[in-house]
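2 protein chains.
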Amino acid sequence: MVTAVTNTEPRRRNRRGEGGKLRDEIIAAAVALLDEGGDERAVTLRSVARKAGIAAPSIYPHFADQPSIMLAVVQQEMDALTAALKEAGDNAPQGARARLFAVCNAYLDFARVHPQRYRIMFGGLWTPSTEDTSITDADLDALGVEAFTLLVEVLGACVEEGIAHGSDDLYGDAVALWLGLHGLAHQRAVVRKMPGPADVGDRLIRALAHLK
Amino acid sequence: MVTAVTNTEPRRRNRRGEGGKLRDEIIAAAVALLDEGGDERAVTLRSVARKAGIAAPSIYPHFADQPSIMLAVVQQEMDALTAALKEAGDNAPQGARARLFAVCNAYLDFARVHPQRYRIMFGGLWTPSTEDTSITDADLDALGVEAFTLLVEVLGACVEEGIAHGSDDLYGDAVALWLGLHGLAHQRAVVRKMPGPADVGDRLIRALAHLK
DNA sequence: GGACATAAGCTAACGCCCGTAAGTTCACGA
DNA sequence: TCGTGAACTTACGGGCGTTAGCTTATGTCC
Numbered sequence: 232m233v234t235a236v237t238n239t240e241p242r243r244r245n246r247r248g249e250g251g252k253l254r255d256e257i258i259a260a261a262v263a264l265l266d267e268g269g270d271e272r273a274v275t276l277r278s279v280a281r282k283a284g285i286a287a288p289s290i291y292p293h294f295a296d297q298p299s300i301m302l303a304v305v306q307q308e309m310d311a312l313t314a315a316l317k318e319a320g321d322n323a324p325q326g327a328r329a330r331l332f333a334v335c336n337a338y339l340d341f342a343r344v345h346p347q348r349y350r351i352m353f354g355g356l357w358t359p360s361t362e363d364t365s366i367t368d369a370d371l372d373a374l375g376v377e378a379f380t381l382l383v384e385v386l387g388a389c390v391e392e393g394i395a396h397g398s399d400d401l402y403g404d405a406v407a408l409w410l411g412l413h414g415l416a417h418q419r420a421v422v423r424k425m426p427g428p429a430d431v432g433d434r435l436i437r438a439l440a441h442l443k
Numbered sequence: 232m233v234t235a236v237t238n239t240e241p242r243r244r245n246r247r248g249e250g251g252k253l254r255d256e257i258i259a260a261a262v263a264l265l266d267e268g269g270d271e272r273a274v275t276l277r278s279v280a281r282k283a284g285i286a287a288p289s290i291y292p293h294f295a296d297q298p299s300i301m302l303a304v305v306q307q308e309m310d311a312l313t314a315a316l317k318e319a320g321d322n323a324p325q326g327a328r329a330r331l332f333a334v335c336n337a338y339l340d341f342a343r344v345h346p347q348r349y350r351i352m353f354g355g356l357w358t359p360s361t362e363d364t365s366i367t368d369a370d371l372d373a374l375g376v377e378a379f380t381l382l383v384e385v386l387g388a389c390v391e392e393g394i395a396h397g398s399d400d401l402y403g404d405a406v407a408l409w410l411g412l413h414g415l416a417h418q419r420a421v422v423r424k425m426p427g428p429a430d431v432g433d434r435l436i437r438a439l440a441h442l443k
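Line by line, the protein sequences are chains A and B. Read in order, the letters of the first sequence are residues 232 to 443 in the working numbering. Read in order, the letters of the second sequence are residues 232 to 443 in the working numbering.
Hint data in this document are derived by calculation from the structure and do not stem from the laboratory. None of the hints are false.
A pair counts as met if it fits within one copy or between any two copies, since identical chains are not told apart.
Straight-line distance between alpha carbons at most 16 Å, and here's what the computed EDC-like set of lysine to aspartate or glutamate pairs gives:
| no. | residue 1 | residue 2 |
| --- | --- | --- |
| 1 | K317 | D340 |
| 2 | K443 | D433 |
| 3 | K424 | D372 |
All chains, full assembly: derive it from the sequences and hints.
Following this line, the structure appears as structure tokens:
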């Protein structure tokens with residue numbers, strides 16, 4: 232499905248003071264390109280502009296360069312992921328175990344529903360190096376911290392409640408758990424058809440959280 | 232380090248009947264580009280040709296198109312990975328546990344030593360879709376089967392030897408173990424600096440193999 | 001209500017690299 | 001000598017990121 236780019240109606244110009252709106256539209260256009268199934272190579276400065284219905288140079292007042300668009304997308308989607316995890320945790324049935332599964336499954340679901348977004352969030356291709364771009368290392372380090380903290384929290388609750396064999400290193404355990412989730416999420420996002428049993432996610436969670 | 236491409240001596244032309252040599256040289260050039268730290272975008276048909284010291288069109292007698300080069304690289308590296316795992320398994324001390332750790336660590340080491348190669352092997356970007364390329368689904372499905380089989384084997388040996396709590400689904404357990412390894416290997420290959428404890432690999436293996 | 005400052009976005013163009021097609025040269029080996 | 005395999009040169013068309021300068025709508029102020 233190639234959802235024609237036929238933007239007749241040359242796109243209503245934003246009102247004064249609302250120029251910032253375009254920034255969000257640009258990010259949305261980039262996300263849309265990803266969701267159409269193209270990989271990150273499909274997200275060029277020009278293709279984003281076409282999708283947003285604007286001329287390519289009109290992006291520059293909002294983003295310093297092409298990688299900056301990607302960074303903005305990743306930041307936005309990281310926030311979305313964090314929100315999804317939070318919501319799943321809040322809406323879960325009582326009990327640390329249920330919360331853990333809810334949060335972990337919400338993570339896996341995010342990756343399944345938005346494979347291409349997940350790919351650029353954790354696939355790390357969009358910024359080959361900090362040189363030549365306006366992106367700083369601090370930008371990159373800050374990504375995903377909040378979501379991970381949530382995972383540490385729910386895992387810790389399991390240990391406290393005595394339903395998981397906690398080690399002396401909760402943080403390390405959470406990293407291991409996340410790596411397992413990431414392995415599955417990433418592989419699903421990348422491959423056409425994932426082999427293996429349907430409940431492999433639950434297996435990973437049980438094993439890596441050391442549930443009793 | 233940009234290892235100059237100054238190929239004076241216009242490259243000795245291959246003797247008759249040795250045209251096939253160039254094929255390997257092209258693959259080697261592509262791998263070299265990856266190892267220089269550039270991501271897969273650095274591996275274009277032209278850049279490969281430059282690296283190999285030949286003219287770009289000279290590639291066509293050997294590869295139908297650019298993705299075919301990538302496929303050849305992936306196939307070659309998958310074989311290399313399989314060989315490395317085999318060797319690690321053979322050279323391991325006696326006992327299923329030692330073999331399991333040897334094989335798993337060999338996997339992780341491969342990814343650490345050759346992060347960019349690992350990325351294209353399992354990152355799945357180099358073939359946006361089977362359309363428009365000469366690559367078939369069968370090509371893709373066949374990748375990595377042999378290496379995975381080896382993992383199933385060593386894990387099965389652990390269960391048989393009674394040092395791991397086996398479930399009724401050995402294959403599924405091996406998938407879960409591999410996903411954990413992959414999560415770590417991939418993240419290390421992608422990120423500048425991997426957070427978390429140094430022994431996170433061993434933790435993953437112990438937990439996912441259900442070692443007693 | 002009309003002039004005008006300015007924000008918002010456009011057009012045109014530059015230089016680069018890419019994949020690929022067509023036709024050509026070179027040197028080995030029979 | 002000469003056929004032919006190996007690799008080359010040249011060229012086309014297209015997409016890219018980015019720069020410079022222009023147009024137009026919008027809201028304000030007299």
